[in-house]
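With the sequences and hints as input, model every part of the structure.
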Amino acid sequence: MVKLKSVPEPIEPSPDLADLDDATLVARCQAELPSDLTAYRELVRRYEGLIFNTCRRVIGSPEDAEEVTQDTLLQIFHKIHQFQGRSSFKTWLYKIVHNYCRNRISKLARKREGQNAYEEHAANDEDDREADNRNAALSQAVEEALAKLKKPEREVIVLKFMTGLTLQETADVLGVKLSAAKMRLYRALESFKEAYSRLDNAPPLPTFQHSDD
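The sequence shown maps to residues 1 to 213 in the UniProt record's numbering.
Some hints here could point you the wrong way.
Computed cross-link-like contacts, EDC-like style, restricted to lysine to aspartate or glutamate with a CA-CA straight-line distance of at most 16 angstroms [claimed, not checked]:
| # | residue 1 | residue 2 |
| --- | --- | --- |
| 1 | Lys107 | Glu67 |
| 2 | Lys148 | Glu190 |
| 3 | Lys148 | Asp200 |
DEER-style ranges, computed between Cβ atoms [to be verified]:
| # | residue 1 | residue 2 | range |
| --- | --- | --- | --- |
| 4 | Gly49 | Ser88 | 45 to 55 angstroms |
| 5 | Pro15 | Pro204 | 41 to 51 angstroms |
| 6 | Asp200 | His81 | 16 to 26 angstroms |
| 7 | Ala137 | Lys95 | 45 to 55 angstroms |
If you're looking for bench data, these hints aren't it; they were derived computationally from the structure.
Small disclaimer: the values here were computed from a predicted structure and weren't measured.
The beta carbon of each residue, even a glycine, is placed where N, CA and C say it ideally should be.
Here it is as structure tokens:
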């Protein structure tokens, strides 16, 4: 999906890299970059889609999200030696994503506010087509409701529910205390529910499974 800019052509990754945890993979990147891209390419494979989807939902534009994804992957390539393990790699990564998204949004014209992002969908199995269409409709409605929120509200919802971060990790990425993240998430969810309820012909919204984890 994303073609890295200014990154050398990677070598084929070893087949056993998929079984390594993030900490081990990062350690290998720090030891091997820039001469050996094997471990780095596995990190890209592992997180590229998550980064893009996070950026798309926060920014609202697939084109801008793709550019931010490229920038993030390049930042990992150039800065991974600075990662010291004081937080999880995922938290460190999403801090980078958060900063790039914030900077990109600040540069967008006001007319981009509320721009919707739509996921491409193709159903290949006739038996599953109806369920796939329902899921696509729900996904589109969620995207539309998210696009109506203020940027801080979108960020906390996307980080907590769409990236796999815990609430504490979400707070770390946002640079706020856990109590502040809890309050921001509560208010954001209320705004999201209100925005969703105003959509025309939106499917029923599943219950958010929110916890302090």
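Okay, the hints, checked on the actual structure:
Distance restraint check for lysine 107 and glutamate 67: the Cα-Cα separation of roughly 13 angstroms lies within the 16 angstroms cut-off, and the hinted pair is therefore satisfied. A hinted pair counts as satisfied when its Cα atoms are at most 16 angstroms apart, and lysine 148 with glutamate 190 qualifies at roughly 13 angstroms. Note on lysine 148 and aspartate 200: the hinted pairing holds, with a Cα-Cα distance of about 14 angstroms set against a maximum of 16 angstroms. For glycine 49 and serine 88, the hinted distance range of 45 to 55 angstroms is not satisfied, since their beta carbons lie about 18 angstroms from each other.
Evaluation of the 41 to 51 angstroms hint for proline 15 and proline 204 yields a pass: the beta carbon distance comes to about 43 angstroms. Separation of aspartate 200 from histidine 81 is about 51 angstroms and departs from the stated range, judged on CB atoms against 16 to 26 angstroms. As the Cβ distance of alanine 137 to lysine 95 is approximately 33 angstroms, the hint placing it in 45 to 55 angstroms is violated.
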